[in-house]
Amino acid sequence: MSKDQHHHHILANSTSLKVLLFLFVFTFLTVFIARFDFGALNFPIAMLIASAKAMAVMLYFMGLKYDDNQNRAIFFSGFAFFGLFVFFVAVDFFARPSSQMPPRGQSFFAEVTGGPSFERPWEVSEEILAYGREVYFDQACHTCHGDEGFGDGIAGIAIGARSFHDGEGWKNGRRPSDVYKTLMEGLGAMPAYPTISVAARWAVSHFVLDFGPEPPADDAESLARFGIDPSLADGGLGSGEEERATIPVDFAIERYILR
Amino acid sequence: MHHSPEGTTYLNYPKGLMSWLVTLDHKRIGMMYLASVLFFFFVGGVFALTIRLELFTPEQNLLTADQYNQAFTYHGVIMVFLVIIPMIPAAIGNFVLPLMLGAKDVAFPRMNLASYYIFVAASVMAVATMFFGGVDTGWTFYTPYSTQTQTATTLMLCAAFVAGFSSIFTGLNFMATVHKLRAPGQGWGQLPLFVWAIYATSVIQVLATPVLGLTLALVALERVAGVGIFDPALGGDPVLFQHFFWFYSHPAVYIMILPAMGVINEVIPVFSRKPIFGYKAMAAAIFGIALVAFAVWGHHMFTSGQTALVNMLFSLITMFVAVPTGIKVFSWIATMYKGSIHFDAPMIYAFAFLFVFVIGGLTGVVLATLGADIHFHDTYYVVAHFHYVMVGGTLFGFMAGLHYWWPKFFGKMFNSFLAKLSAVLILIGFNVTFFPQFILGIQGMPRRYWSYIPEFTALNQLSTIGSFVIALGFFLALGYLTHSFFFGKKAGSNPWRALTLEWESESPPPLENFRFDPVVTHGPYEFKGERV
Amino acid sequence: MAGSVDTEGFKEHHPAHHFKDADHEFFTVKNGMWLFMLQEILFFAPLFVAYFTFKFIYFEDFQYSAAKLDWKLGAVNTVILIVSSFTVVRAVVAAQRGNNEGLIENLIYTIICGFGFMIVKAIEYSSKIADGVLPGAWMNNAALVEAAPQAPLFYSLYFMMTGLHALHVAVGIGLFAWLLLKAKRRELGPKYYTPLEMTGLYWHFVDLVWIYLFPLLYLVG
Numbered sequence: 001m002s003k004d005q006h007h008h009h010i011l012a013n014s015t016s017l018k019v020l021l022f023l024f025v026f027t028f029l030t031v032f033i034a035r036f037d038f039g040a041l042n043f044p045i046a047m048l049i050a051s052a053k054a055m056a057v058m059l060y061f062m063g064l065k066y067d068d069n070q071n072r073a074i075f076f077s078g079f080a081f082f083g084l085f086v087f088f089v090a091v092d093f094f095a096r097p098s099s100q101m102p103p104r105g106q107s108f109f110a111e112v113t114g115g116p117s118f119e120r121p122w123e124v125s126e127e128i129l130a131y132g133r134e135v136y137f138d139q140a141c142h143t144c145h146g147d148e149g150f151g152d153g154i155a156g157i158a159i160g161a162r163s164f165h166d167g168e169g170w171k172n173g174r175r176p177s178d179v180y181k182t183l184m185e186g187l188g189a190m191p192a193y194p195t196i197s198v199a200a201r202w203a204v205s206h207f208v209l210d211f212g213p214e215p216p217a218d219d220a221e222s223l224a225r226f227g228i229d230p231s232l233a234d235g236g237l238g239s240g241e242e243e244r245a246t247i248p249v250d251f252a253i254e255r256y257i258l259r
Numbered sequence: 001m002h003h004s005p006e007g008t009t010y011l012n013y014p015k016g017l018m019s020w021l022v023t024l025d026h027k028r029i030g031m032m033y034l035a036s037v038l039f040f041f042f043v044g045g046v047f048a049l050t051i052r053l054e055l056f057t058p059e060q061n062l063l064t065a066d067q068y069n070q071a072f073t074y075h076g077v078i079m080v081f082l083v084i085i086p087m088i089p090a091a092i093g094n095f096v097l098p099l100m101l102g103a104k105d106v107a108f109p110r111m112n113l114a115s116y117y118i119f120v121a122a123s124v125m126a127v128a129t130m131f132f133g134g135v136d137t138g139w140t141f142y143t144p145y146s147t148q149t150q151t152a153t154t155l156m157l158c159a160a161f162v163a164g165f166s167s168i169f170t171g172l173n174f175m176a177t178v179h180k181l182r183a184p185g186q187g188w189g190q191l192p193l194f195v196w197a198i199y200a201t202s203v204i205q206v207l208a209t210p211v212l213g214l215t216l217a218l219v220a221l222e223r224v225a226g227v228g229i230f231d232p233a234l235g236g237d238p239v240l241f242q243h244f245f246w247f248y249s250h251p252a253v254y255i256m257i258l259p260a261m262g263v264i265n266e267v268i269p270v271f272s273r274k275p276i277f278g279y280k281a282m283a284a285a286i287f288g289i290a291l292v293a294f295a296v297w298g299h300h301m302f303t304s305g306q307t308a309l310v311n312m313l314f315s316l317i318t319m320f321v322a323v324p325t326g327i328k329v330f331s332w333i334a335t336m337y338k339g340s341i342h343f344d345a346p347m348i349y350a351f352a353f354l355f356v357f358v359i360g361g362l363t364g365v366v367l368a369t370l371g372a373d374i375h376f377h378d379t380y381y382v383v384a385h386f387h388y389v390m391v392g393g394t395l396f397g398f399m400a401g402l403h404y405w406w407p408k409f410f411g412k413m414f415n416s417f418l419a420k421l422s423a424v425l426i427l428i429g430f431n432v433t434f435f436p437q438f439i440l441g442i443q444g445m446p447r448r449y450w451s452y453i454p455e456f457t458a459l460n461q462l463s464t465i466g467s468f469v470i471a472l473g474f475f476l477a478l479g480y481l482t483h484s485f486f487f488g489k490k491a492g493s494n495p496w497r498a499l500t501l502e503w504e505s506e507s508p509p510p511l512e513n514f515r516f517d518p519v520v521t522h523g524p525y526e527f528k529g530e531r532v
Numbered sequence: 001m002a003g004s005v006d007t008e009g010f011k012e013h014h015p016a017h018h019f020k021d022a023d024h025e026f027f028t029v030k031n032g033m034w035l036f037m038l039q040e041i042l043f044f045a046p047l048f049v050a051y052f053t054f055k056f057i058y059f060e061d062f063q064y065s066a067a068k069l070d071w072k073l074g075a076v077n078t079v080i081l082i083v084s085s086f087t088v089v090r091a092v093v094a095a096q097r098g099n100n101e102g103l104i105e106n107l108i109y110t111i112i113c114g115f116g117f118m119i120v121k122a123i124e125y126s127s128k129i130a131d132g133v134l135p136g137a138w139m140n141n142a143a144l145v146e147a148a149p150q151a152p153l154f155y156s157l158y159f160m161m162t163g164l165h166a167l168h169v170a171v172g173i174g175l176f177a178w179l180l181l182k183a184k185r186r187e188l189g190p191k192y193y194t195p196l197e198m199t200g201l202y203w204h205f206v207d208l209v210w211i212y213l214f215p216l217l218y219l220v221g
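Protein sequence lines, in the order shown, are assigned to chains U, V and D.
Heads up: the first sequence begins at 1 in our numbering, then just goes up one per residue.
Heads up: the second sequence begins at 1 in our numbering, then just goes up one per residue.
Heads up: the third sequence begins at 1 in our numbering, then just goes up one per residue.
Quick caveat, the hints were computed from the structure, so don't treat them as lab data.
Which chain U residues stay away from chain D? Per the calculated CB distances, all over 10 Å, these:
1. R133
2. D138
3. G151
4. L232
Under the rule of at most 30 Å between Cα atoms (straight-line distance), these lysine-lysine pairs were calculated in the DSS-like manner:
5. D/K182 with U/K65
6. U/K65 with U/K18
7. D/K121 with U/K18
8. D/K20 with V/K15
9. D/K72 with U/K18
10. U/K65 with D/K191
11. U/K18 with D/K191
12. D/K20 with U/K65
Pulled from the structure, derived: some chain U residues nowhere near chain V, Cβ distances all over 12 Å:
13. F150
14. D219
15. A220
Please read these numbers as outputs of a predicted model, since none were measured by experiment.
Even glycine gets a Cβ: it sits at the ideal position worked out from N, Cα and C.
Work out the full structure: start from the sequences and follow the hints.
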C-alpha cells in the first residue's frame, strides 16, 4: 500500500528555497554556457541543463519525491512515449540523403513558378505544342490518358479516362478554352490542375487537342470566361488569374523519391 | 447519494428527463452513449450501403465522383470517431466497469457527463459539415489535399479535435477508477480481464489522442492561417503529417480492438463454464499489444516516401504484435477445450469473432510484409483487412457484449432464437461482403475509387449483396432488441451464472449499484467445471 | 450547509458520495491530475517533434532566425515562471498549515507573475510584428527570408509553440483568480485544498514546458 494514502506531505520552507536557488543557478548556467559554441554538443548540453531543472521542479515542487510510484510512472511514461515518437521520426528524416534538403540560400518558391511564357497562349503554335508535350509528361497526364492519348494509361483504364482521338462527345466541348476549363475545374474523375501555370495549362490543352481532328475555334465570348480579351496584344492576362505556388508533381518526385 | 427506494432501478429512479440530462450516474451515461453510438452506427451504415450501391456497376449509379469522395469520408469519420472508438469503452465500459470493481461510480462522474456532452457536440459539428459543403479528404485528412480542398474540412477537423477530448477524458476517468476505486479484496490479480482490457485501452487513449488533436489543429491552422509545417511551399513536409496522424491512428485501432477482446475474455469462460486459460498471460498479452501498438505506425506509410530504413524497422516491429495476439487466440481456444459450451447469442458472436478476427489479423501480417504491401497498399486488400478486424473484431465483440450484458442493462431477456438467427445472418453477410474484397485487392482494385474496370464487376456485385444481408441482420437485431426492451421476459440478477461482481447486483442495478458493500471473495473465473 | 465550518475554521467540505472519505477523494483527484498532465505532454509533443526535425534539417536557417529572438526577454520570463512556481508551492504550504493570509498573499504573487509573463510575451510578439517577422505565409521581412529562406517555418513553430504555451499560462491565471476568490471565502484549508493542489500541479507543468522552450528556441536556436 502506498504511503501517500494517509499522508499529505508538507514541503519544508528550507527545501523549497533550496530548489528555487538551484533553479536560478541553472538558469544562469544555461544562459552563460550559450555564449560558447560547442558545435554539435550545444543542443544536448542545453537539454541536459533543462532536464536538471525539470527534475527539480518535478521531484520537489510537484512532490513526486514524496508521492507513490504510480504517479511517478504516469508522468515519466509520458516522456518515454514522447521519446519513442521523436526516435522514429528522427530515423526517417536523418536517413534521407542530404541532397534532398535545399542548400541554404535556395528557396522552394523560385523553382516552382519557372517555365516559359507565351505572348498569346490561347493560340496554338509549334513552341506551345512542344511545351505542352513537356507538361503532359511532367504532370503525369499520360498515366491516365496514355502515352499516345488513347485514354489507356494504367491509372486511367479503371476510371474511363478520355481518349483525345475522339472528335465527339467531349462534355465541356473541344475548343481550347473548353479544355482549359476542364483543367481549371476538373470533370468527374479528372482532377483540377489549378497549381500549374497559366502557360502550362494552355500548352497542354493545345497538345491534347492535337491528337484528334481540327478543334473548333475559340471566339471572344469563350475566351472572356477566363478574363482574356483577344483584341488586346497580351489578352489582358495577368489580371485576375490566380496561380497557386505549390510544388509540381515532377519536382516532388525528383526530390523525395529519385534522390 | 443515498439509498434509492427498494424496488427501484437506475432506470426509473430518479425520475424525469432532466434527471437523465444532468445525471452523474455512470450507468445512465453509458446508456446515453449506447443510444448515440447505435444511432451513428446506422448513419454510418447508410453511407456504407450508398457506397456499395454506387459500386454495384462501374458506371455512375447514385453518386458523382466528388459525391463518392464525400460518401467514403463520412462513412470513415462517423464509423471511426463516433462509433467504433467509443462503442465498447464508453457505452458498455461506463456501465460495467464500476460494477465490476464494486465501486459506486467512476472516479470523476462530472467529467464523465462532460465527456458525453463533448461527444455530442463533436457529433453535431461533424453532421453540420454536411450542410457547409461536406468533406472529401477521406477520414485520414492527408495533406496537401486537406489543406487545400474547398470543402468544410476545417469544421470537420474541429469536430474530430473535440471528439478527441471526449475520448481522453473517458480514458483518464477509467484509469483513475481502476487505480483508486477497487473493492476490498480486489488486487490487480483478481481483476476481470475486461477491466484489464479497458484499462489498457484507456492508457492508449490518454497517450495517443492528444497527438491527433494537435495534428488536426495544425492542419486547420494551415488551412485557415497559412501557418504550417506540412506544406513544402512553407518549408514543411507532408510526410510529417502522416507520421503525426498515424502516431495516434495506429494505437487507435487497438483502442478499437482491445475492449472487444476484453468482452470475449468475459464471454468465453462463462459460456464454456471454465476458467480462462492463462489469466496472467492474457493480462500480459493485453499490455504487450498496447505497448507494441505505439512502435509500428509507419506500416501505414510504406509507400509514402519515408526512408527505406524506417520502412524496414516498422515492418519488423509490426510482426511482433502477432505474438501477444496469438497468445490470446490460443488461450481462448484452450479455455473452450473440455468446457461445457452453451451456444447462447453472446457465445455465437464470440465464435464469429474468433473466426473473423483471425482472418483479419493474419491479413494484417501480410500487409505488414514490406514487399507485399507495395502491391497491396491502397487496394481493396487493405479495406477488407481493416473491416475484418474492425467489424469482425470490434463490432462482433460489441454485439457479444451487448447481448451478454443486456439483461443487466435493462433487466429483460431477448428472444434467443432471433438473436442467434441475426448473428448468423450478420456473419454470413459480413463474409459475403468483405471476402471478395481480398480478391479484388490482390487483382489490383484501388480503394477510394468511384469506378473500376469491368473485370471487377462480379465480385463487386457479390460484395454489395452481402452488405444488404448485413443490413438485414442488423434490422432484425434492432427488432428483437426493441421488443425485449419493452416487452422482454424479466431477467434475474445472474441469468448466465457468471462470477464477476456486476452479476451480484440486481438486474437492472439500483442507482447506487449495490444495496450492500461488495467484497471480492473469489476470482472472476473460478468455475467449478460444471456439466450441463 | 453554507455556514458550517470545520475544526480548522475553514468552510466544511463534503467529499462526493462514491469516495470513502476526503483523503480518498484527494488522492484520486491527484491521480487524475497526473493523468491529465500525461496527456498534456503528448499534446505538446508533435510541436517539439516538428521543431527537432526541421531544426536539424535547416540547421543554419534556424540558428539565424533564432538569433533574432531576444534571449534576455526569454530569460526574464524563465525567472518569472520559476518564481511563480515557488509562490505556488508557498501557497499550498500555507493552505496545508491553515495560514489563510499567507495563502492569499502567495496566490496574488503568482497571479502577478502570470501577468508579468504575458506582458513580456506581448512585448516580444509586438516587436516581431513590427518587424514583419511573422509565421508562415504572413512573413513580411524580405531581408530575413533572403538570409534564411526557412525563416517562415522557424517562426511558424516559434509562434505556435510559445502561443500554445501562453494560452496555457492565461488559463492558469484564470484558475488562480478563481482560487483567490475561494481563499477569500475561507474555502481552502488543511482539511481541503484539493483544487489548489491540482492547479499548482498544472502550473508547475506550464513552468516545465517553458524550461525546455527557452533554451531550445532562444539559446540553441
